[in-house]
Amino acid sequence: MPVKEKQSLKTNTNWCKGCGICVFVCPKQVLAVEDEKVVIKNVDKCIKCGQCEYHCPDYAIYLEEEK
Amino acid sequence: MPSELVTNYFRTETLPHIWCPGCGNGIVTRAIVKAIDNLNIPKDDVCIVSGIGCSSRAAGYLDFNTLHTTHGRALAFATGVKLANPKLHVIVITGDGDSSAIGGNHLIHAARRNIDLTTVVFNNSIYGMTGGQYSPTTPTGDKATTAPYGSIDPNFDLCELANAAGATYVARGTVYAVNMLEKVIQEGILNKGFSFIEAISTCPTYYGRKNKKGSAVDMIQYLKENGVMYSAWNKMSEEDKIGKFPIGKLYSKERKEYTEQYQRLIDSLGKERN
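Quick note, the sequences are listed as chains B and C, same order.
Our numbering puts the first residue of the first sequence at 1, with every later residue one more than the last.
Our numbering puts the first residue of the second sequence at 1, with every later residue one more than the last.
It cannot be assumed that every hint is accurate.
[To be verified] 25 angstroms max Cα-Cα, derived SDA-like pairs, lysine to any residue:
(1) K253/C to A165/C
(2) K10/B to M1/C
(3) K10/B to E13/C
(4) K28/B to T11/B
These are computed hints drawn from the structure, not numbers from a lab.
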């Protein structure tokens, strides 16, 4: 398993269709949808579980390894 | 920039895909890719074969050997690919209508032969691409453009069908329980024989709207609340089972695999000639 501290949450809003599935699956209320696009609201609360990435149908949100 | 997984396994120039907002097909496609990635199978050793329909668009977005075929015939093409090159991991992406109506016969015969293919059915309970006609998996009583007063047809349980026809690995996942879906796809790829995975997807645009199922989130929540792991399902009373459905690995069995049998026949005939 990768070290979680070295991951950061990224969005690709060009691909986001604003369905809100990521907001629903996030266990820590980190995300919101504004103007039909995903926004990271409380990045400090993010536990990097990756549920948003697993459930995003449009590949618009993901955890990236910091290099 | 897309994620590493997407960059490695998708034809990113074709993205964003055409699926509607909240459509579960993108989630299932990612689960398939993740399963292949977890198994470290080289891209050239994978062939994705799809039929026609919303789900079958997936082949175009994926960067493997891909074959986008005719309606219902994905399994027939995949059988040919597998027999010509048995070393390939052939994964068939198909929809509920594609696999159980137009291609219903191909499905039962591929299962009967127990040919080493992994079939992932994206079941959204409706024909999405053509405008929301009812499919063999539309639940009885549910509405569609061709069933404005509710469908009177009993619906197919695809997993029971595949199991009865002879598939040696049968599982069901949902777009909510993605980690489990990924795991069963992985097991399906490793199974030497016909593997059948029903991935319950969401169609908020047609099935959801026609049946007042709410938004994509409401539909995902429904899957969360009503999909029961098979181990727990077996302990439930018949009363508790109403409205719910089992998920996870449902059946597995040992049977002779078709391409191996075929190779054995070729070898034995070759010996006779010499």
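Each hint tested on the structure:
As the CA atoms of K253/C and A165/C are separated by approximately 12 angstroms, the hinted pair is consistent with the 25 angstroms bound. Among the hinted pairs, K10/B with M1/C is consistent with the structure: their alpha-carbon atoms are about 9 angstroms apart, no more than 25 angstroms. For the proposed pair K10/B and E13/C, the alpha carbon gap of about 19 angstroms is at most 25 angstroms, so the pair holds. Using a Cα cut-off of 25 angstroms, the hinted pair K28/B and T11/B holds, with the two alpha carbons roughly 17 angstroms apart.
Checked against the numbered hints above, the structure breaks none of them.
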